[in-house]
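J.: Listed here are the chains, written in short residue letters.
Protein chains: 4
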Amino acid sequence: MKSHKVAMLGTGLIGDFYTMTLHSQRSRDRVSIVYSQTDERARVFSDRWDIPAYTTSIEEAINHDEADTVIVGLPNFLHEEVIIAAAETGKAVLCTKPLARNAEEARRILDKVESAGIFAGYLEDLCYTPKTLKAIRSVEAGAIGDVTWVRSRETHPGPHSAWFWDGRLTGGGAIVDLGCHCIEIIRNFVGKGNRPVEVLCHTDTLVHPIADEDNAVALIRFESGAIGQFEVSWTFRGGMDLRDEVAGTHGTIWLNHFLRTGFEMFTAGGGEGYVAEKAETSAGWLFPVGDEVSELGYVDMFTDMFGALDEGKQPRETFYDGYVVNAIMDACYRSAKSRVWEPVELDWRGGTTPRIGATPETYEGHVVIKREVLPDGRQKLILKDPQSGDFVDRIVAGGS
Amino acid sequence: MKSHKVAMLGTGLIGDFYTMTLHSQRSRDRVSIVYSQTDERARVFSDRWDIPAYTTSIEEAINHDEADTVIVGLPNFLHEEVIIAAAETGKAVLCTKPLARNAEEARRILDKVESAGIFAGYLEDLCYTPKTLKAIRSVEAGAIGDVTWVRSRETHPGPHSAWFWDGRLTGGGAIVDLGCHCIEIIRNFVGKGNRPVEVLCHTDTLVHPIADEDNAVALIRFESGAIGQFEVSWTFRGGMDLRDEVAGTHGTIWLNHFLRTGFEMFTAGGGEGYVAEKAETSAGWLFPVGDEVSELGYVDMFTDMFGALDEGKQPRETFYDGYVVNAIMDACYRSAKSRVWEPVELDWRGGTTPRIGATPETYEGHVVIKREVLPDGRQKLILKDPQSGDFVDRIVAGGS
Amino acid sequence: MKSHKVAMLGTGLIGDFYTMTLHSQRSRDRVSIVYSQTDERARVFSDRWDIPAYTTSIEEAINHDEADTVIVGLPNFLHEEVIIAAAETGKAVLCTKPLARNAEEARRILDKVESAGIFAGYLEDLCYTPKTLKAIRSVEAGAIGDVTWVRSRETHPGPHSAWFWDGRLTGGGAIVDLGCHCIEIIRNFVGKGNRPVEVLCHTDTLVHPIADEDNAVALIRFESGAIGQFEVSWTFRGGMDLRDEVAGTHGTIWLNHFLRTGFEMFTAGGGEGYVAEKAETSAGWLFPVGDEVSELGYVDMFTDMFGALDEGKQPRETFYDGYVVNAIMDACYRSAKSRVWEPVELDWRGGTTPRIGATPETYEGHVVIKREVLPDGRQKLILKDPQSGDFVDRIVAGGS
Amino acid sequence: MKSHKVAMLGTGLIGDFYTMTLHSQRSRDRVSIVYSQTDERARVFSDRWDIPAYTTSIEEAINHDEADTVIVGLPNFLHEEVIIAAAETGKAVLCTKPLARNAEEARRILDKVESAGIFAGYLEDLCYTPKTLKAIRSVEAGAIGDVTWVRSRETHPGPHSAWFWDGRLTGGGAIVDLGCHCIEIIRNFVGKGNRPVEVLCHTDTLVHPIADEDNAVALIRFESGAIGQFEVSWTFRGGMDLRDEVAGTHGTIWLNHFLRTGFEMFTAGGGEGYVAEKAETSAGWLFPVGDEVSELGYVDMFTDMFGALDEGKQPRETFYDGYVVNAIMDACYRSAKSRVWEPVELDWRGGTTPRIGATPETYEGHVVIKREVLPDGRQKLILKDPQSGDFVDRIVAGGS
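Residue numbers (this note's numbering), protein chains in the order written: chain G, 18 to 417; chain D, 18 to 417; chain Y, 18 to 417; chain H, 18 to 417.
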């Protein structure tokens with residue numbers, strides 16, 4: 018039974034979630050040192066999570082004797098520099114999302130870890146929620162046929178930390194913060210080998226007095242013809258809205274990860290404080306989730322990461338995936354400016370995917386458009402005459 | 018107490034819904050003559066709904082002595098010709114959606130009824146669902162602040178009648194069939210005086226062997242900055258998905274009109290047949306609606322139409338609205354081809370709407386980006402320095 | 018086309034709902050006179066609903082020339098006296114629920130209207146919600162097999178008017194206020210010909226400083242073996258909870274009439290006031306219903322009542338049904354005191370209903386307890402040896 | 018970091034769930050030997066879960082050198098004998114639910130482990146679902162005030178294994194199989210120190226040709242006045258219905274653990290097989306759960322068990338709890354026969370709990386029954402005159 022010791026870089030919300038997950042349930046893995054920018058924050062964090070060592074030196078953290086794995090939970094603008102330093106140590110590196118501020122940075126990070134030959138994992142938690150994992154398995158097993166459309170939506174009233182709001186540090190606004198999740202969820206459903214060809218995106222800054230977008234909608238067209246659609250917002254009211262919808266030729270999947278998961282509470286108020294990440298109210302109808310680190314994918318994510326590391330395999334989410342996400346986001350920003358479809362520019366490693374499509378069924382020389390069962394059990398066919406292009410209804414005998 | 022006698026043109030699904038509504042509950046109004054293309058269909062329909070007369074002559078129907086109102090429930094390509102004829106009689110004319118195959122046709126129809134001076138109502142039922150009406154009132158009362166985004170979705174596995182599939186007769190595919198609903202729902206939420214400026218649209222034909230689109234997604238940008246987003250599909254599996262989502266600066270509204278309305282049934286099968294319009298299965302988990310003609314807006318629609326007619330007022334949904342919808346759909350089709358934002362070309366009567374926006378709050382010379390209440394009751398402000406553009410967290414004393 | 022003129026007795030919440038319904042949509046019927054205890058209330062009500070006459074004399078109201086129908090929307094303790102007076106006029110009488118304070122009073126009311134030969138309807142609105150009507154039709158069509166259990170739940174934070182809280186005027190507490198609905202809903206699902214045999218009930222006064230019960234749970238055993246279960250409370254927090262669940266041998270039905278009907282709204286507050294009957298909050302997540310008078314059954318109820326009156330038939334809900342409900346509530350109160358099953362004492366007119374039950378399937382001389390399809394497609398039978406009483410698993414070949 | 022080696026007794030569905038949990042994610046604990054009645058089953062199970070040893074001898078299993086913990090996942094009738102043997106080894110013993118067939122057996126088991134001084138844990142998984150744990154914390158933090166009523170419902174179409182159907186082996190029918198879960202869930206919400214005083218229960222055998230109950234409803238009255246209500250059934254159609262509802266003086270909690278958890282899938286069929294434990298269909302609308310072993314509480318349960326074992330503390334669910342549950346079930350069976358409230362006979366260790374209740378608020382010498390905010394912002398009080406017992410409405414100035 019292998020276990021891992023982690024150097025945790027960063028003590029923000031994401032550092033808390035990661036550490037809570039690593040130290041939860043019967044996990045074998047532990048954080049052995051934590052880095053924060055200030056001594057105070059590092060100390061408080063190490064106390065909260067019972068971590069034996071803390072430091073304000075990134076170098077000290079990544080070179081800590083105990084630690085075999087470095088987890089990067091720092092603001093986006095620090096990723097490249099820190100990962101390059103960590104890669105030198107030969108240790109495994111796991112990096113929070115997004116991988117970088119843009120594809121160029123992501124590409125340099127990817128090249129570095131590949132040339133260093135280290136294990137690298139992209140911590141895209143929302144691709145690991147138990148619902149998502151099971152839904153992906155259902156899609157791969159053919160339960161909904163060919164995927165035609167995926168909607169991934171992540172919206173809330175805006176980030177908790179100041180640096181998130183500064184596009185110079187992050188690379189953008191709501192797209193870089195939230196869209197990176199949506200894009201990778203979409204890729205998991207349409208198939209990671211399905212090339213993202215081009216992107217259409219609209220952004221706007223409607224509510225917050227900032228320079229970057231607080232709202233965006235985008236379409237991603239994949240090689241198969243499938244459309245990925247994401248909606249991100251920092252102006253949503255009512256909590257955190259995390260939903261995915263997948264349409265296929267033979268089925269449909271709807272996932273709700275946060276606001277409607279079978280846990281409903283009304284309280285007249287007066288009780289405890291913290292209900293859920295990004296709940297807006299503490300009285301009235303509230304919608305908590307059971308176990309956030311499980312429901313939001315952190316548990317399965319680290320299981321996959323350390324499992325892959327132990328077995329010498331690639332994790333489900335790699336730095337290459339992170340690079341693809343950055344490339345798609347770059348295309349989104351270009352499209353938002355140019356207002357046209359923009360190609361996704363990337364070094365594609367994924368092969369080709371055929372166009373969605375079926376050979377049309379025929380009936381007495383006509384193309385069958387649709388079959389319906391009438392209330393009396395007979396079948397109605399809607400047929401198209403291939404010569405004239407005319408459509409007709411035809412009732413045929415027999416039940417279902 | 019006034020009552021109306023109707024000449025019903027058309028005996029398809031929509032004719033059934035209209036007549037079912039008119040003859041339901043304690044309504045004062047009745048269909049007095051019905052027209053269908055074939056004698057057989059006209060007769061069966063008149064029997065089913067206890068209508069005193071039927072005909073295969075449109076002229077006879079619209080000139081029927083008893084009838085004071087003509088309802089057009091015919092395929093799109095017949096609207097212009099029939100409405101022009103009906104307008105000559107001076108009777109009130111109510112027309113199903115969409116008003117026409119394109120804005121040019123719609124404009125001619127509009128001009129005709131305006132020059133004839135007759136009462137004309139646009140039968141856009143989904144703008145009259147009780148949920149929608151109440152939600153619109155809430156929005157108008159300020160319950161969610163300024164509307165920033167509206168999503169309207171209508172998808173099902175494809176129409177029941179052959180002519181719907183023939184773009185030559187309808188003017189297009191899923192957009193003309195379903196998008197017309199979504200567009201007018203969106204307009205009701207963003208405000209009818211809010212000019213639709215431009216449109217971005219993607220269409221594709223993914224499943225059915227037809228010439229027109231069976232899937233489309235579009236964005237409509239309104240003058241205020243609000244975005245309307247519609248998703249339509251003839252390839253959805255699982256029934257008819259009718260949902261609207263409205264985001265505002267101070268709130269959120271989610272409406273589900275069909276598949277999840279608080280009525281859930283599991284049946285091992287073997288019982289009755291017809292469950293709901295466009296249900297795909299007759300066993301397993303089913304999701305009926307209570308009273309379709311009420312839930313889908315038909316009841317409130319005719320109340321508004323005949324009420325307006327009696328009081329000499331305009332109904333909520335006019336032929337001008339129908340024309341605007343056609344103009345937006347035209348822009349959608351242009352955009353789907355050109356792959357860029359296309360302006361909505363129309364004779365605008367609606368005035369101007371200011372940009373969404375608030376004067377930013379300030380705190381000690383900084384712009385307040387966000388306020389949060391911490392678990393311990395203190396408030397955290399995220400502030401932006403207007404000079405440097407830097408963002409900082411600031412904890413301020415005091416509870417909620 | 019017949020229409021009716023109503024003498025409305027009572028100007029409380031129920032009088033508002035009734036009048037709102039009668040005057041809504043395209044109804045042919047109108048209130049022509051309203052009675053209230055005080056001149057002020059009568060005047061305000063007649064203004065609000067545009068009623069031509071008002072009075073503080075019950076006698077004047079029921080004898081009003083215009084009115085052909087008397088609607089009793091008064092506190093329970095006045096029903097008997099008023100209905101007896103109204104019956105003398107020969108006019109139709111419709112009475113709100115419960116019919117009386119107890120079965121003895123109800124019986125006298127019933128005898129009176131029967132001997133007078135007048136039309137009498139029991140205004141049990143919740144048996145007429147569109148969902149309930151459709152669900153009952155599904156049950157009657159066999160969609161869920163034999164009904165084994167019905168749960169009907171109605172709870173809210175307590176009534177709006179003072180007299181409701183006074184058991185001397187009403188006949189009890191939450192059972193008389195809310196349980197009467199539940200009982201009749203249950204009867205509609207198990208079948209009105211299914212005799213209610215006995216009752217087990219627990220009541221308590223947990224929160225409000227009153228003499229009568231503010232919480233109750235009861236079981237009603239019907240002749241078929243089906244169990245009706247109702248839960249009523251005046252101490253529920255979160256709005257009005259109106260749910261029914263029906264279990265059958267071949268299916269399940271879940272109805273939610275109020276708090277979860279596909280209409281969800283979050284508001285930061287500051288907007289309009291009235292959201293829904295018995296909503297507890299005006300900010301945060303709210304769950305309005307579309308059209309209350311339709312969703313709560315008032316529209317279909319009056320359609321049935323006046324339709325039956327016009328056609329000389331009995332309405333779905335009669336004074337006899339009201340009497341049965343009172344008899345069951347009497348048994349509930351007796352059981353709550355005696356703490357044992359109490360027989361339902363009533364003059365039964367409904368015939369007999371056979372015991373739920375199927376002839377057991379057999380397989381090679383064993384009784385089949387259950388069939389299951391295994392993941393590999395084979396069938397597993399759980400069998401019982403009728404001699405030994407032993408149970409065994411048996412795998413049989415073949416798929417579904 | 019401690020880890021545990023388990024001797025797993027039993028290879029049925031519950032053995033699978035336990036082992037899946039122990040071997041899942043990053044758990045430190047492993048099954049080192051498995052016992053089954055037949056060599057074939059033991060071998061297949063050990064292969065499936067990669068367990069180093071298997072046996073058909075219980076004695077060999079519990080004495081296995083490697084194992085420090087014995088998990089009893091055997092039919093109820095074997096619990097006493099096996100636990101007594103295991104207790105002799107001094108190892109920790111964890112036993113599946115119910116602890117025994119009746120309180121007498123449970124008491125002997127409890128006495129044995131207490132006299133042997135071993136660690137013993139009661140594997141009541143549904144008290145450990147993440148939703149339940151969080152909801153209990155909310156209740157303990159006062160979020161819903163005093164608990165007045167808990168409904169716990171567990172129903173499905175019947176067990177998978179033959180022995181479950183044989184009351185001689187289990188101690189009863191659906192109550193022993195499912196009610197044991199509900200009872201302990203209820204106790205967690207009303208407070209484990211809240212004595213269960215008496216029980217009212219109705220059972221019936223409506224569908225399956227068996228001697229024991231396939232349906233039951235029961236009320237448990239606790240010392241505080243709170244009512245626990247459970248509904249169990251082996252005849253439910255539609256999957257497995259696992260819901261809890263908690264009412265309190267200041268709030269409400271609704272938990273749905275299985276059929277409606279934010280995961281909805283429609284499939285036209287043709288894809289994979291296994292969707293979820295006790296799903297009834299493999300096409301149409303399906304409602305999977307994300308990660309069953311997490312959602313159903315197994316993960317948190319073993320974390321608590323092994324954590325307590327490591328720290329020398331009692332787990333949340335002890336054999337004493339199991340004994341209380343058996344005592345309540347015994348009272349249920351007595352009540353179902355006697356048809357009256359039956360006292361819960363048990364050796365109570367839990368102290369006393371005061372009656373739910375508040376000192377009534379007064380206003381000008383009257384008792385305040387209810388406060389309401391009117392649409393215009395004024396407050397309405399419903400007041401009771403303590404002398405006369407009369408109730409009046411009183412409007413008082415001022416807004417919310």
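Derived by calculation from the structure, the hints in this document are not laboratory data. It should be emphasised that the depicted structure is a prediction, and the values quoted were computed from it without experimental measurement. You may find that some hints are simply not true.
What the hints assert, rightly or not - Mimicking DSS-like on lysine-lysine, the simulated pairs with C-alpha atoms at most 27 Å apart in a straight line are: (1) G:Lys-108 / H:Lys-19; (2) Y:Lys-19 / Y:Lys-108; (3) D:Lys-108 / Y:Lys-354; (4) G:Lys-19 / H:Lys-22; (5) D:Lys-387 / D:Lys-397; (6) G:Lys-22 / G:Lys-209; (7) H:Lys-22 / G:Lys-22; (8) H:Lys-129 / G:Lys-19; (9) H:Lys-330 / Y:Lys-354; (10) H:Lys-19 / H:Lys-108; (11) G:Lys-19 / G:Lys-330; (12) D:Lys-354 / G:Lys-354; (13) Y:Lys-19 / D:Lys-22; (14) G:Lys-397 / G:Lys-330; (15) Y:Lys-19 / D:Lys-19; (16) Y:Lys-108 / D:Lys-22; (17) D:Lys-19 / Y:Lys-22; (18) D:Lys-330 / D:Lys-387; (19) D:Lys-209 / D:Lys-129; (20) H:Lys-108 / H:Lys-330; (21) D:Lys-19 / Y:Lys-108; (22) G:Lys-19 / H:Lys-354; (23) D:Lys-129 / D:Lys-397; (24) H:Lys-330 / H:Lys-22; (25) G:Lys-22 / H:Lys-354.
Claimed, not checked - Computed far set for chain G versus chain D, every beta-carbon distance over 10 Å: (26) Glu-83; (27) Ile-161; (28) Gly-208; (29) Ile-386; (30) Glu-389; (31) Val-390; (32) Lys-397.
Stated by the list, open to error - Here are some chain G residues pointing at chain H (derived, C-beta under 8 Å): (33) Ser-49; (34) Thr-106; (35) Lys-129; (36) Ser-132; (37) Gly-134; (38) Ile-270; (39) Gly-279.
Here a beta-carbon is modelled for each residue, glycine too, at the ideal position from N, C-alpha and C.
J.: Hints first: check each against the structure and report whether it holds.
T.: Quick rundown of the hints versus the structure:
1. G:Lys-108 / H:Lys-19: 26 Å, holds
2. Y:Lys-19 / Y:Lys-108: 15 Å, holds
3. D:Lys-108 / Y:Lys-354: Violated: Lys-108 of chain D and Lys-354 of chain Y sit about 69 Å apart, past 27 Å.
4. G:Lys-19 / H:Lys-22: This hinted pair holds, its Cα atoms lying about 16 Å apart.
5. D:Lys-387 / D:Lys-397: Holds, at about 8 Å.
6. G:Lys-22 / G:Lys-209: 31 Å, violated
7. H:Lys-22 / G:Lys-22: 23 Å, holds
8. H:Lys-129 / G:Lys-19: 38 Å, violated
9. H:Lys-330 / Y:Lys-354: 45 Å, violated
10. H:Lys-19 / H:Lys-108: Holds, at roughly 15 Å.
11. G:Lys-19 / G:Lys-330: 15 Å, holds
12. D:Lys-354 / G:Lys-354: Holds: Lys-354 of chain D and Lys-354 of chain G sit about 20 Å apart, inside 27 Å.
13. Y:Lys-19 / D:Lys-22: 16 Å, holds
14. G:Lys-397 / G:Lys-330: Measuring from Cα to Cα gives roughly 53 Å; hence the hint is violated.
15. Y:Lys-19 / D:Lys-19: Given pair Lys-19 of chain Y, Lys-19 of chain D holds - Cα atoms ~13 Å apart, limit 27 Å.
16. Y:Lys-108 / D:Lys-22: Judged against 27 Å, a Cα distance of about 31 Å means the pair is violated.
17. D:Lys-19 / Y:Lys-22: 16 Å, holds
18. D:Lys-330 / D:Lys-387: 46 Å, violated
19. D:Lys-209 / D:Lys-129: Distance of about 23 Å is within 27 Å: holds.
20. H:Lys-108 / H:Lys-330: 15 Å, holds
21. D:Lys-19 / Y:Lys-108: Since the Cα atoms of Lys-19 of chain D and Lys-108 of chain Y sit roughly 26 Å apart, the hinted pair holds (cutoff 27 Å).
22. G:Lys-19 / H:Lys-354: 57 Å, violated
23. D:Lys-129 / D:Lys-397: Given pair Lys-129 of chain D, Lys-397 of chain D is violated - Cα atoms ~61 Å apart, limit 27 Å.
24. H:Lys-330 / H:Lys-22: 19 Å, holds
25. G:Lys-22 / H:Lys-354: 60 Å, violated
26. Glu-83: 31 Å, holds
27. Ile-161: 7 Å, violated
28. Gly-208: Check passes; 15 Å lies beyond 10 Å.
29. Ile-386: 6 Å, violated
30. Glu-389: 7 Å, violated
31. Val-390: 8 Å, violated
32. Lys-397: Its Cβ does come within 10 Å of chain D, the nearest being 8 Å, so this is violated.
33. Ser-49: At 12 Å from the nearest chain H Cβ, Ser-49 of chain G fails the 8 Å test, so the hint is violated.
34. Thr-106: 23 Å, violated
35. Lys-129: It is violated, given that the least Cβ distance between Lys-129 of chain G and chain H is near 28 Å, above 8 Å.
36. Ser-132: This hint is violated: Ser-132 of chain G lies away from chain H, its Cβ roughly 30 Å from the closest one there, beyond 8 Å.
37. Gly-134: 25 Å, violated
38. Ile-270: 5 Å, holds
39. Gly-279: Hint on Gly-279 of chain G: holds, closest Cβ of chain H at ~4 Å, below 8 Å.
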